[in-house]
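Let's have the full structure, built from the sequences with the hints guiding it.
Protein sequence lines correspond, in order, to chains E and S. For the first sequence, my numbering assigns the number 566 to the initial residue and increments by one for each residue that follows. For the second sequence, my numbering assigns the number 125 to the initial residue and increments by one for each residue that follows.
Among these hints, one or two may not hold up.
Dumping the calculated SDA-like pairs for lysine to any residue here, alpha-carbon to alpha-carbon at most 20 Å [said to hold, decoys possible]:
hint, chain 1, residue 1, chain 2, residue 2
1, S, K278, E, E602
2, S, K278, E, D661
3, S, K278, E, P654
4, S, K278, E, L606
5, S, K278, E, N631
6, S, K278, S, G251
7, S, K278, E, G658
8, S, K278, E, G598
9, S, K278, E, S659
10, S, K278, E, S657
11, S, K278, E, S660
12, S, K278, E, P662
13, S, K278, E, A599
14, S, K278, E, V605
15, S, K278, E, L586
16, S, K278, E, I574
17, S, K278, S, R249
18, S, K278, E, L652
19, S, K278, E, G655
If you're looking for bench data, these hints aren't it; they were derived computationally from the structure.
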Amino acid sequence: MRRSLLPGIGLVSGLLVLLDLLIVNPSLGDAAGALYELLVLLAAAAAVGGGATLAVHHARALRSGNGDWIGSIVLLVGMAAVLVAGLRPGSSGSSDPAVLWLVAALLAPIAASLFALLFIFLLGAFRRGFVRRGRETAVMAGAAAIVIVLLLPIGGQAGDWLAGGAAWVRAVPLAGIFRGLLIGIGVMVAVSAARSLLALDHDDR
Amino acid sequence: MTDNLAPSGGGTLRAGIRRGAPALLLLVLLAGASLVPIGADSAALRLASPDRSHVEQLRRAIGDLPSGALVLVACDADLGTYAEIRAATRAALGDLAAHGARLAIVSFTPEGRAIAAAEIDRIARGGGQRPADLGFVAGSEAGLVRGIASIVPKAAAGSTVEAIRQRGGGIGAFDLVLIVSGNDISARSWVEQVGPRLPALPMVAIAPTFLDPELEPYLRSGQLVALLATLREGAAYAEAVGAGSVAGPGSIPGPLPMLVGMLAVLAVLAESAVRRLARRFVRPSFGRRSS
Numbered sequence: 566m567r568r569s570l571l572p573g574i575g576l577v578s579g580l581l582v583l584l585d586l587l588i589v590n591p592s593l594g595d596a597a598g599a600l601y602e603l604l605v606l607l608a609a610a611a612a613v614g615g616g617a618t619l620a621v622h623h624a625r626a627l628r629s630g631n632g633d634w635i636g637s638i639v640l641l642v643g644m645a646a647v648l649v650a651g652l653r654p655g656s657s658g659s660s661d662p663a664v665l666w667l668v669a670a671l672l673a674p675i676a677a678s679l680f681a682l683l684f685i686f687l688l689g690a691f692r693r694g695f696v697r698r699g700r701e702t703a704v705m706a707g708a709a710a711i712v713i714v715l716l717l718p719i720g721g722q723a724g725d726w727l728a729g730g731a732a733w734v735r736a737v738p739l740a741g742i743f744r745g746l747l748i749g750i751g752v753m754v755a756v757s758a759a760r761s762l763l764a765l766d767h768d769d770r
Numbered sequence: 125m126t127d128n129l130a131p132s133g134g135g136t137l138r139a140g141i142r143r144g145a146p147a148l149l150l151l152v153l154l155a156g157a158s159l160v161p162i163g164a165d166s167a168a169l170r171l172a173s174p175d176r177s178h179v180e181q182l183r184r185a186i187g188d189l190p191s192g193a194l195v196l197v198a199c200d201a202d203l204g205t206y207a208e209i210r211a212a213t214r215a216a217l218g219d220l221a222a223h224g225a226r227l228a229i230v231s232f233t234p235e236g237r238a239i240a241a242a243e244i245d246r247i248a249r250g251g252g253q254r255p256a257d258l259g260f261v262a263g264s265e266a267g268l269v270r271g272i273a274s275i276v277p278k279a280a281a282g283s284t285v286e287a288i289r290q291r292g293g294g295i296g297a298f299d300l301v302l303i304v305s306g307n308d309i310s311a312r313s314w315v316e317q318v319g320p321r322l323p324a325l326p327m328v329a330i331a332p333t334f335l336d337p338e339l340e341p342y343l344r345s346g347q348l349v350a351l352l353a354t355l356r357e358g359a360a361y362a363e364a365v366g367a368g369s370v371a372g373p374g375s376i377p378g379p380l381p382m383l384v385g386m387l388a389v390l391a392v393l394a395e396s397a398v399r400r401l402a403r404r405f406v407r408p409s410f411g412r413r414s415s
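Right under this line is the structure:
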């Protein structure tokens, strides 16, 4: 019973959304709209639950003295700062100037700086990769080097040739491989979803 | 005994400095290169794409808007890739404002919301007209579909918000949607979820390069009216906006720091490969001699 409940919910929800897309009918539209409202609520609840679990995990780590206590304190203080700024009496929530300042002046630059350091870490990973898995790393590094050469910001005729080469690589081999992967993933998802909805996996077991 | 073998404090410091020196040197080089005053389109160095077709498409889409048009900016970029499309996004916001468009910004991802908040703050600090802030909509693609019926928060106020409400309050109220794409919600989500429900709504997109292979077919099929999906196209667009409108050029990345960074990467890759080859071919021959 439990095994057929989830595929059943999925089947009904999927059919409702599909029919709403195919048929113009106000009642069907209202039913699909209610379903979307539920999905949004579910996603919001999952996000709140995830945040609460994270806070509890780090609070427990702090109490037990295990793990990175500085990281836990920074995380909990950060969460508290945003929550206080957004939920204090008189605050306008996520559009409150204090929240906007926290996000614009602290969160965005810090996160962007961390991602910018990926450049350095990636180079370090390549060096280690050459030592441990030479052949695979050499293939990746070769492809990366070709792309980097094609993207060099050079002017004049040479720059035009390189830019043309980069556009060709993007439009032909890269796009071909990428679309092939997407089509393959799409087919596999469709097959898996159909098997799950029609309970074929259940019959196999 | 073990204490004698452990490295001293000074030795550990020296080893740490030696390990971090290449990265520090690279950062110093990049900082130095970014201070050298070389234009984005000098004779020797050029960042902007020589192919201007995508730039012209976006400029035409914005130029064709009636004065006072309602434009929705769907800001769902990632913090990791936003640096690549920041110049193009800011130039597009400036271009839209220069054409008299009334902007509203919404986000369907938390990272996109962070970036949108930073951009709204930047526009307000710069003295520009503050876009209507439609905030964050939860639920990812389900939230996107729900936004077709209603996208304006109840608490939102202002002349742009009232104009959106008068036209129905949903995504269909807008004359154009500018999609600032990221990994989770990109122009693909908009084409799939909003395109079939609002086929007359024109959509343009700015995206980081990794999304180009999946978005380019939507441009060719006309489901996207315009698409900027590489740094070089973004630089070309920012230059074009700076040259042809009152919006100003915005901040275009300099080609010299980029060239220095790329050459450093090539040097590191070449050094690693040479070292690998040397280890593979030189050592065995020494081994054979010694045996």
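Against the structure, test the hints numbered earlier, and report the numbers of the ones violated in rising order.
-> 5, 6, 15, 16, 17
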